Structure formats: structure tokens, C-alpha cells
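S.K.: Sequence:
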Amino acid sequence: MKTKEIYLATACLLLFIALAIGAAYSNPYWQALLINLSTTALGLAIALIVINVYLDRSARREAVRPLLKLIAPAIGAHHNDLIHAAWDRFGKPQFGEIAKRYTENNGDPRALTPDERNSLYDIIKTNRDRVLDLLGRIDNDLRELVVIIGWSFDPDILKHAFSCRYAISQLRIITFDDSNDAKLAICEQFLDADMMAFAVLRNLHSLIGSPKEELFT
44 MKTKEIYLAT ACLLLFIALA IGAAYSNPYW QALLINLSTT ALGLAIALIV INVYLDRSAR
104 REAVRPLLKL IAPAIGAHHN DLIHAAWDRF GKPQFGEIAK RYTENNGDPR ALTPDERNSL
164 YDIIKTNRDR VLDLLGRIDN DLRELVVIIG WSFDPDILKH AFSCRYAISQ LRIITFDDSN
224 DAKLAICEQF LDADMMAFAV LRNLHSLIGS PKEELFT
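Mind the numbering: the sequence shown is residues 44 to 260 in the numbering used here, read in order.
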């Protein structure tokens, strides 16, 4: 809400309180009049708050629409790189089962077998430069997204955006030394970054009602 609307709504609320108190200590004639005036003031205050909150959210929603088109290519490229490489290595049904198992175990990389972790680690390490480049673009895009939509716009979008950015920050500092610990950490952060980034797109798509084909163009 803009400052002047906040002041006006506050004034209406204070007027409602003053009129309500006045009505309590007035004779029946003035009591009825003051009650009517107080309910009018309360209604105006509520209307100002509801309308301006709605307009504020609508304005930010419209601001998100072009940003969605900007962030979708990087997220889509990262997601599709993973999917295509994983399908080539594991096969589509098996990788789908891997992703489901990882999700059902609250993002624990130990839910993957050692062979699965080794294969996924190899995919990430082989394409390390492109992976980190795309994730860097995603990190910048999500930072801009959070600035535009603000802290009170949609908790799920913020949660997924910050979870994705955290996973990216961790992936950047992990050493690819082929140790078991490194493989566990890299698989976890890579999958988290992909899933959280895609969740942001899914939530934005649902929020603004854009056609599905707009997500990846």
C-alpha cells in the first residue's frame, strides 16, 4: 500500500473507534447516528486496505510475468541438460525412480545407490563448466525475482528461491575430488538446485496463469 492510503485507512479506523466510544455514551438518537457513522468509517478502512493490497499484488504479479520469461531459459536449459544426460545414462524410467526416491527421502543422497551417485557425479563433473555457468545465471535471476516480488508476495516462491540459491552457493565451494563425501554433497546440492529452481517456475506459472508453453521458449 502507498503511504497516503495507509494514513487514510488508519484515520478511518481511528474515526471508527472514536465514534464507537461516543455512541456508547450517547442518548438513543445520537447513539444510532454515531453507530451508522462508525460502521461506515470501518467499511471504508477495510475497503481501502483490501483494494490497495489487491492492487499492489496485481501490480507485482504483472511485473513477474516478463521476469518469468527472462528466468525460464536458464532454468529450462539446466533442467533439460540434467534430464537428457540422465536419461542417456540411466534410462528414462530408472531416472524417474531415482528422482522420486530422492524426494521421498527428504533430499537425502544416500537414498541413491553408490552406482547411481557415481554416475550422477560423473555427469555433473564432465559438464562442470556449463553446469556452474547456468546455475550462476539462475542465481542472479532468482535474486532479481525476490527483489521484484518482495518478501510478502508468496511464501512458497521465496522458500524455493532461497533454497535453490543456497544449494547453488554450496555447489560452488565443494571440491570435485572424487571422494565419497564430495559425491554425496555434489549430488545433493545439484538435485536440490534443479528441483527448487523448477519449483519456482511451477509456482510462478500457477500464480500468474501463464500458458504452460511459455515456461520454456
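Treat the hints as calculated values from the structure; they're not laboratory data.
Treat the numbers as computed from the prediction; the structure is a model and nothing was measured.
Check the hints yourself; a few may be wrong.
[To be verified] Pairs of lysine to any residue residues, derived as SDA-like cross-links and limited to a Cα-Cα distance of at most 25 Å, are as follows:
1) Lys135 - Leu201
2) Lys112 - Arg132
3) Lys168 - Asn149
4) Lys202 - Arg132
5) Lys168 - Asp197
6) Lys112 - Phe219
7) Lys168 - His127
8) Lys202 - Asp158
9) Lys202 - Gln137
10) Lys135 - Ser212
11) Lys112 - Ser212
12) Lys202 - Leu113
13) Lys143 - Ala120
14) Lys202 - Asp221
15) Lys168 - Ala115
16) Lys143 - Ala128
17) Lys202 - Phe133
18) Lys168 - Thr156
19) Lys168 - Ala225
20) Lys135 - Ile251
21) Lys202 - Pro157
22) Lys202 - Asn223
23) Lys168 - Asp224
24) Lys168 - Ala120
25) Lys135 - Arg186
26) Lys135 - Gly119
27) Lys135 - Pro109
28) Lys112 - Asp197
29) Lys202 - Ala242
30) Lys168 - Val189
31) Lys143 - Ile60
32) Lys135 - Leu113
33) Lys168 - Leu201
34) Lys168 - Lys112
35) Lys112 - Leu227
36) Lys202 - Asp220
[Said to hold, decoys possible] DEER-style ranges, computed between Cβ atoms:
37) Ile126 - Ala154: 16 to 22 Å
38) Arg144 - Pro109: 35 to 41 Å
39) Asp224 - Arg108: 39 to 45 Å
40) Arg245 - Tyr209: 15 to 21 Å
Cβ coordinates follow ideal geometry from the N, Cα and C atoms, glycine included.
S.K.: Each hint should be assessed against the structure and marked as holding or not.
M.R.: Here's how the hints hold up against the structure:
no.	hint	result
1	Lys135 - Leu201	violated, 31 Å
2	Lys112 - Arg132	violated, 30 Å
3	Lys168 - Asn149	holds, 24 Å
4	Lys202 - Arg132	violated, 31 Å
5	Lys168 - Asp197	violated, 35 Å
6	Lys112 - Phe219	violated, 33 Å
7	Lys168 - His127	holds, 15 Å
8	Lys202 - Asp158	violated, 31 Å
9	Lys202 - Gln137	violated, 29 Å
10	Lys135 - Ser212	violated, 29 Å
11	Lys112 - Ser212	holds, 24 Å
12	Lys202 - Leu113	holds, 20 Å
13	Lys143 - Ala120	holds, 21 Å
14	Lys202 - Asp221	violated, 31 Å
15	Lys168 - Ala115	holds, 24 Å
16	Lys143 - Ala128	holds, 17 Å
17	Lys202 - Phe133	violated, 30 Å
18	Lys168 - Thr156	holds, 18 Å
19	Lys168 - Ala225	holds, 11 Å
20	Lys135 - Ile251	violated, 31 Å
21	Lys202 - Pro157	violated, 30 Å
22	Lys202 - Asn223	violated, 29 Å
23	Lys168 - Asp224	holds, 15 Å
24	Lys168 - Ala120	holds, 17 Å
25	Lys135 - Arg186	violated, 32 Å
26	Lys135 - Gly119	holds, 18 Å
27	Lys135 - Pro109	violated, 32 Å
28	Lys112 - Asp197	holds, 19 Å
29	Lys202 - Ala242	holds, 10 Å
30	Lys168 - Val189	violated, 30 Å
31	Lys143 - Ile60	violated, 56 Å
32	Lys135 - Leu113	violated, 29 Å
33	Lys168 - Leu201	violated, 29 Å
34	Lys168 - Lys112	violated, 29 Å
35	Lys112 - Leu227	violated, 33 Å
36	Lys202 - Asp220	violated, 31 Å
37	Ile126 - Ala154: 16 to 22 Å	holds, 19 Å
38	Arg144 - Pro109: 35 to 41 Å	holds, 37 Å
39	Asp224 - Arg108: 39 to 45 Å	holds, 42 Å
40	Arg245 - Tyr209: 15 to 21 Å	holds, 19 Å
Violated hints for the displayed structure, listed by number in ascending order: 1, 2, 4, 5, 6, 8, 9, 10, 14, 17, 20, 21, 22, 25, 27, 30, 31, 32, 33, 34, 35 and 36.
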